[in-house]
Amino acid sequence: MRRITGAIVVTLALSMVAAVLVHAALSINGAGATFPYPVYSKWFDEYQKKNSQVQINYQSIGSGGGIKQVTEGTVDFGASDGPMNDEQLKAFQDKHGFGILHFPTVMGAVVPTYNVPGVTSALNFTPDALAGIFLGRITKWNDPAIAGPNKGVNLPAADIVVVHRSDGSGTTYCWTDYLSKVSDEWKTKVGKGTSVNWPVGLGGKGNEGVTGQIKNAPNSIGYVELIYAVSNNIPYGSVKNSSGSFIKADLASVSAAAAAVAKTMPDDFRVSITNPPGETAYPIATFTWLLIPERFSDSAKRDAIKGFVNWMLVDGQNYAEQLSYAKLPNEVIAKEKKALGKIQ
Amino acid sequence: MAATTTVPSASPITGSRSFLRKLREGDEIARLITFLFAVSTVLVTLLLIIELWRDSALARHKFGLQFFFTRVWDPIAEQFGALPFIYGTLVTATVSLVIAVPLGIGAAIFLAELAPARLSDSLEFFIDLLAAVPSVIYGLLGVFIVVPLMRDYAQPGLKKTLGFLPLFSGPAYGVGFLTAGIVLAIMVIPYIISVSREVLMSVPRDQREAALSLGATRWESTWKVVVPFARTGITGSIFLALARALGETMAVTMVIGNTPTISASLFSPGYSIAAVIANEFTEATGDLYLSALIELGLVLFLLTFLLNGLARLLIVITSQRGAGMANA
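Residue numbers (this note's numbering), protein chains in the order written: chain A, 11 to 354; chain B, 23 to 350.
Accuracy of the hints is not assured; some may be wrong.
As the list claims (entries may be wrong) - Computed list of lysine-lysine pairs in DSSO-like fashion (alpha-carbon distance at most 30 Å, straight line):
hint	chain 1	residue 1	chain 2	residue 2
1	A	Lys-199	A	Lys-100
2	A	Lys-199	B	Lys-84
3	A	Lys-197	B	Lys-84
4	A	Lys-225	B	Lys-181
5	A	Lys-100	B	Lys-84
6	A	Lys-316	A	Lys-52
7	A	Lys-311	A	Lys-352
8	A	Lys-225	B	Lys-182
9	A	Lys-52	A	Lys-348
Simulated from the structure, these hints should not be mistaken for lab results.
Isolated chain A (complex conformation) (with noise of 0.2 Å):
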């Protein structure tokens, strides 16, 4: 009996030591989007490496849910692929008094993705084919909108199965961002969202459902993440952007899509980058934000927040191409060092 009593002792000593030694550092919650999470866990762990001190724990929750946590102050900062809209700045003011400002990141892209048997090159969308396959006015692969920018290749004259994402997400905003950007009738008729209301198509849950329908369906087409494409080798189609050029996207093409915007660039980074001008720049891109609030109670958290996007700004994008998203342009990093210094 004593000796069980003494063990216990120890084990309750020793944890309550560990308990102070773990309590030194200093710890940061985040939650949010799924997209940049890769990239994230990478450079949260680098981060500590280089200050030990500090330790920030990213939970990927969706980007629903992280402006969520961090309006309601659960997480201290949050992370999102789409931009918040005045509404939730709005609530998120109302709530704590003050605003919480966006720091893009990294960039991503969204491609399209097909099966379409016998063809195995990529193939060129224009805005108005990709607009009226998703709307279910274009329903067959040789319709002449798919056909003409693809001379030579032999399309099935085939019903089209179209797939989109079931779950809400960034990248279904950034492709309907794009489509209501291109397509005036889908802006009307659909609108831009995490969710949307599609007017055709099946629905597959996240960038792996997405992907399955489209292997096992003949004649399927949707779109997906481009870092999911490119690490999973799936084909997919170029683009016309808006000079003209189909594209294929790859991180110099997204990279172009960002520079282009950069020099209009709004103070608050809340911008979309479809569609953008410029003749290499890849046309479906998008930023991922970190949300961050104006203020900070705690002086020792805002000083290891403003650290951190300030690696994140110089060593941190170094680390994005291994991963595979596309580092911030020059004017932008420089713009956000700037903005740091709105957070007090």
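Using the hints provided, position chain B relative to the given structure of chain A.
Using the frame of chain A, we list chain B on its own:
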């Protein structure tokens, strides 16, 4: 001389003395604690209903009863209607029961009555294994095996033979109500078999022997005497299966096509309540959107409640009738 064993209702003083005595003896404590455990299940259910009711208030006030009759689900325009989801949930559950009930009861009858004991026990092991498989695995099974089979063989086959029926018309995507119903059937059959087999095996021996001694064949005694005797338990197993089919989430969302449509065709893709909540809840920004999803949860809860209530009623009615017949 006053009795040493006090009567609780005799007087307040003696009543409390007996309570304290029972407390010390442990009886009353045991009774209290187990009572609290039992009450806690009721409390949890009540809490669930209260939470669902409260958080769906926004949607309930905005849409009222129209929520049950609207087909549109538009998060951008903030128009939400539950009809496609209720339809999908009911259709997939019905299809799964239509497939699972005959198969399940037939298998249970074989295992309980007609199979040698060793075979019955070893098959029971596999059936319990099936019941324990997580639903996500069934979803993967559905996506990689059932969907291609449906798209390449079953659906075109059905279209050729029964295509004139509206039930089997329309393009064959592979995913849809029928596929979801089949995957659900595979998931609920183990429940039906397990419970029905137990119930059939517990039918008293003299029932069978009486039937056989009156000249019935083996099958006649099974079908006309044993199975009706076990009817209550078998119905209970069917409603257990129904409860699982109504609430199943992951497996359904992987094979149903996730499109809020109402269609007479079983080949059409659809949506169920559990699937839409699982898909859209985490990213739902906007209070009305969230509230509409929670109202859908409330609807599913009430649906399950209603069906279970009907089950109870059915069991009460049939057992009264059975008792009546026994007495006649």
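Hint consistency between A/Lys-311 and A/Lys-352 [alpha-carbon to alpha-carbon, up to 30 Å]: holds (15 Å)
Hinted pair, alpha-carbon criterion (30 Å max): A/Lys-100, B/Lys-84. Please report holds or violated. This hinted pair holds, its Cα atoms lying about 22 Å apart.
Run the distance test for A/Lys-197 versus B/Lys-84: straight-line Cα separation, threshold 30 Å. The hint holds at about 25 Å.
Restraint check for A/Lys-199 with B/Lys-84, where alpha carbons must lie at most 30 Å apart: Satisfied, since the Cα-Cα distance of roughly 22 Å is no more than 30 Å.
Does B/Lys-181 sit within 30 Å of A/Lys-225, going by the straight-line distance between their CA atoms? holds (24 Å)
Take the C-alpha atoms of A/Lys-52 and A/Lys-348, compute the straight-line distance between them, and say whether it is at most 30 Å. holds (25 Å)
So if I understand the rule, the pair passes when the alpha-carbon distance is 30 Å or less; does A/Lys-225 with B/Lys-182 pass? This hinted pair holds, its Cα atoms lying about 26 Å apart.
What's the verdict on A/Lys-199 and A/Lys-100, does the C-alpha distance respect the 30 Å limit or exceed it? holds (27 Å)
Compare the distance between the alpha carbons of A/Lys-316 and A/Lys-52 with 30 Å, and conclude whether the hinted pair is satisfied. holds (18 Å)
In summary, the structure agrees with every hint in the numbered list given earlier.
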